[in-house]
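Required output: the full structure, derived from the provided sequences and hints.
Line by line, the protein sequences are chains R and L. Residue numbers for the first sequence, in our numbering: 1 to 375. Residue numbers for the second sequence, in our numbering: 376 to 664.
Worth flagging that the hints you see were computed from the coordinates, not collected in a lab. C-beta: ideal position from N, C-alpha, C; glycine also. Careful: at least some of the hints might be erroneous.
No farther apart than 30 Å at their CA atoms in a straight line, the calculated lysine-lysine pairs in the BS3-like style are these [said to hold, decoys possible]:
no. : chain 1 : residue 1 : chain 2 : residue 2
1   : R       : LYS204    : R       : LYS2
2   : L       : LYS603    : R       : LYS204
3   : L       : LYS618    : R       : LYS232
Which residues of chain R face chain L? A few of them, derived with a C-beta cut under 8 Å, are [said to hold, decoys possible]:
no. : residue
4   : TYR38
5   : ARG106
6   : GLY109
7   : ALA135
8   : ALA137
9   : VAL206
10  : ASP208
11  : ASN210
12  : ALA211
13  : TYR213
14  : ALA216
15  : PRO219
16  : ALA252
17  : ASP260
18  : VAL337
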Amino acid sequence: MKLHEYQAKAVFARYGLPIQNGVVTERPDEIAGLSLRYPVVVKAQVLVGGRGKAGGIKVAATPAEARERARAILGMDIKGERVTRVLVVEAVDIETEYYLAFVTDRRTGRVVAIASAEGGVEIETVAQTDPEKIARAEIEPFLGFRAFQARALGRRLGFAGALLDEFVKIATALYRLYWAEDADLAEINPLASVGGHLLCVDAKLVLDDNAAYRHADRPANEETTELEAAAKQHGLAYVELDGDIAVIGNGAGLVMSTLDLLAHFGGRAANFLDIGGGASAEAMQTALGIVQRKSGVRAIFINIFGGITRCDDVARGIVDSPPKVPASIRLTGTNEVEGQRILREAGIAAGLDPDEGARVAVELARAASEKRGGR
Amino acid sequence: MAVIVGAKTRLLVQGITGYQGAFHTKLMLEAGTAVVAGVTPGKGGDRVHGVPVFDTVDEAVRQTAANACCIFVPARFAGEAALEAIASRLDPVVIITEGMPVHDAIEVLAYARQQGVRLLGPNGPGVTTPGQCRVGIMPTHLFTPGPVGLVSRSGTLTYEVVWGLTQAGLGQSTAVGLGGDPVVGTSFVEALELFNRDPDTRAIVLLGEIGGSAEEEAARYIASAVKKPVVAYIAGRTAPAGKRMGHAGAVISGTEGTADHKIHALEAAGAGVAELPSGVAALVKARLS
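Below, the structure is given as structure tokens:
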């Protein structure tokens, strides 16, 4: 789960990381009444990157100007995400911009610290153009991130004296936050030197959803759509896509390959839905309900390979909640004979071959689309 | 021979009294696996399908000489269970559990490396050597013994391809499920090393998916060291960027982790890449003859 900048900065503040004085608001008229030193910066709060280039960050010299800037930014559409809040912070004179982050490195299965004197730009760009300007430190989980590692990184970024001490404090606090809050990514970009001190001018936090149970204080996830949230409540993994064939399958890899199968036969999936391992008849019913709530769905492709999941359970779920749009069903694996029999007796056809099932689903969607076009 | 598990495996099941643990213990026994012990704290003295249950791994190992471990306990206790198994040097330790916090996986992996224990998962289907040993949840009836080693990040996709191989008359040496989480115990490269050394394995199937760079690293290893034919399939060609496709590990960030990038890397390394799962068996057959 990705946090907004203002949410991430609230977490930063709890760990003693230096941030600018600022307020988040949904109402431009409120801004004049806030005790802020001008000029200020009005920043769109969106989860997608690149908001500065999209015009979502503006400087304002007076309260009246800040109100106008906020009015212009609120309601903006940035890469498909509507701006509903702005963060207003006191502007600072940035001397130099640095980069600092902790991230889980899948390759090594460890946390790494990444730092660079080339801050304020995307680190991926720096990694491609000037890889030598990126300093890394790998973290041994049982030792944690140690002060000597922070000092070494700080020196590689060119810090000395009091600024080096500040960098060490910030880096160790950021690691403490990263580990204690179960983060996947904790990033400061830019980490800026301002009047002889370091300041976290932006803040990015991505938290591990699997660890949510040990953090009751986390804010609500704003990344997901309404249907995605509904599916999650039922323990189903659902992702909205832009095609017209609803997909239900079991196992993430199989569902991903199901989307590819549809594309191979010229169709497009309306969603990704994994009913998970050991899914019950109820899970299948819920899944059918969710995928058909999305508008524009013309056909359904159900692709089940029973392992822990049993074909008879799946079949009962389908019979209890028959699809309202034409469906192609592929059902094989554990208790396949029983599952096929249950469907047959309910007058629902199902096959055993995935490629054939996908081809039929694409045909059904195409036929439904033509019928609709002819009206 | 096969890899990781075989006729000498003496399996301990953690979480054996739970719904999934008990169900799969039965199936593992039916597959011929020597399941010698179960562990559930507080349930010591019970029996599950005839298998004695202990309160701790330490006791179970002392009394049954178990040498491998499969974990079915719920996500919030799975990390602790894995550490307990590693402390007793059970090898491999296979975590089936889905939804384990990533930081727990980081600690478990670090401890496993320190103790020299092979870890599979979390969030994987386990490992099966047909005719000898099943550790985990892969359906037994799909398999038949033979020369094809298979390694995968996904459970049901493994079943799909194994079934296709079996129907085409291509048996399997061992099928290894790595797990779908961002941090897992064993990489494609490590599994390829094992199959490359295994005299019973004559061809290798690699089933990858979007996210991370493990398939690209596998491609580099294939180009430099693997002498046996390799056939791959990568799921998620049509997945959008930035969305988590079920597996926590399956997210495309920027250009990294896309299916196309992985497919190109594997093809450049000389591997055959099937466009659909159903195409894998034919490619293997062509390369074996």
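Verification of the supplied hints:
no. : hint                  : result
1   : LYS204/R <-> LYS2/R   : holds (8 Å)
2   : LYS603/L <-> LYS204/R : violated (45 Å)
3   : LYS618/L <-> LYS232/R : holds (14 Å)
4   : TYR38                 : violated (36 Å)
5   : ARG106                : holds (5 Å)
6   : GLY109                : holds (5 Å)
7   : ALA135                : violated (20 Å)
8   : ALA137                : violated (15 Å)
9   : VAL206                : violated (10 Å)
10  : ASP208                : holds (5 Å)
11  : ASN210                : holds (5 Å)
12  : ALA211                : holds (4 Å)
13  : TYR213                : holds (6 Å)
14  : ALA216                : violated (14 Å)
15  : PRO219                : violated (18 Å)
16  : ALA252                : holds (3 Å)
17  : ASP260                : holds (5 Å)
18  : VAL337                : violated (12 Å)
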